[in-house]
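Position one of the sequence shown corresponds to residue 59 (the working numbering), numbered consecutively onward.
Honestly, the hints are just simulated from the structure, not real lab data.
Take these hints with a grain of salt, some might be off.
[Stated by the list, open to error] Derived Cβ-Cβ restraints for the label pairs, each shown as a range:
1) V305 <-> L195: 33 to 39 angstroms
2) V130 <-> W290: 36 to 42 angstroms
3) E122 <-> V149: 42 to 48 angstroms
4) L109 <-> L75: 37 to 43 angstroms
5) I123 <-> S309: 17 to 23 angstroms
[Said to hold, decoys possible] BS3-like, lysine-lysine: derived pairs with alpha carbons at most 27 angstroms apart:
6) K304 <-> K381
7) K169 <-> K139
8) K198 <-> K381
9) K372 <-> K311
10) K139 <-> K304
11) K198 <-> K209
12) K304 <-> K222
13) K151 <-> K209
All values derive from a computational prediction rather than experimental measurement.
No residue lacks a Cβ here, since even glycine has one placed at the ideal position from N, Cα and C.
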Amino acid sequence: MNFKKHRILIIGGSIALVCLIGAGFLLVQLSSRYSDTAKALVKTQSRLTSLNHRDPYPSQDNVEILQDNLVVMREEVADLKTRLSAANVEVEKIEPAQFAPLLERTYNRIKQRAAALNVPVPGQGTYGYTEYAQGKLPEKRHVERLVRQAKIQEYLAGLLLDAKVSSIEMIQRTSFEGEAEPEDQPANQRFARTPTPTRSANRSAIPETEPSPLYETERYSLTFTGREGAIWEAINQLSASPLFVKVVDVSLKNLGENLGKPVDLKAMYMETRRAVNPANPAMRTGTGELTPDILATIPREERIVAGREAIEAKLVIDVLLFKPVAESADGATDQEVSS
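Work out the full structure, taking the sequences as your base and the hints as a guide.
Structural data, given as structure tokens:
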């Protein structure tokens, strides 16, 4: 064979042979990979079929444990709600025409107790019931809440009087009569109402409490005066009361005059020494330190520079009235059943 004459054919055939060998190698490799993938697919499908036909997870033992835990949690929640609702205000059912006399009796009780302690209280028209005191009958659906608000106001007045405040200027309720009554909510959801803010400027920047199906919120504005100790005692009384009271906003104003006036105790002490014995030259010297024994010679009334002024306190509080959730026959709460 003449190589020079057939070199193109020889070179082309060699290249074709190399390509054929490479293609064969790739075919064998890809065939092996396809076989492995097919086996993995069959194995996965077999496991999926097995999982679809097995008993559902979790096991019955886990289900029983979770059911027991659920019963315990429901009991604890019911006990907590019962304890929180134990201090709720009991409201008797009355007719709308009986509300005005009830207001009169409530105000007279507050006034009589305050008079016994010589504490001025606001007039009857400053509690938020002016139109009802003037003869307007409340709507029947509002009577229960109005009575509850009046009773809470009497309770709050009693707390302030127990704290020995000097005067009570205002115990203002939240007016709610303009609210639309929800018609499409279940009974247990209607217990939560969103309070409508009154016209008090003190509440303009204070956000309202979010409504909850577990409790009802009643907001009040309190204004009273007293010494510093009485103010803090009143706040402590509110926080420690059986009713769940949340102090939302506090504003304190010192009503005293010449606040922060400096007092030179050393000069006062020297003046006291000269007054005791003006003939003794040693009494006129300014030497020596102000020890507790020396300060004791100055009358206590003259050593007190602050703390006895009258303080005006303005409080905005939320009274949370918890409602126990009744359980149905299967142990589920009303809220869980409705949802």
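Against the structure, the hints:
no. : hint                              : in the structure
1   : V305 <-> L195: 33 to 39 angstroms : holds (34 angstroms)
2   : V130 <-> W290: 36 to 42 angstroms : holds (41 angstroms)
3   : E122 <-> V149: 42 to 48 angstroms : holds (43 angstroms)
4   : L109 <-> L75: 37 to 43 angstroms  : violated (51 angstroms)
5   : I123 <-> S309: 17 to 23 angstroms : violated (53 angstroms)
6   : K304 <-> K381                     : holds (17 angstroms)
7   : K169 <-> K139                     : violated (34 angstroms)
8   : K198 <-> K381                     : holds (21 angstroms)
9   : K372 <-> K311                     : holds (9 angstroms)
10  : K139 <-> K304                     : holds (17 angstroms)
11  : K198 <-> K209                     : holds (18 angstroms)
12  : K304 <-> K222                     : holds (21 angstroms)
13  : K151 <-> K209                     : holds (13 angstroms)
When held up to the earlier numbered hints, the structure conflicts with 4, 5, 7 and fits the remainder.
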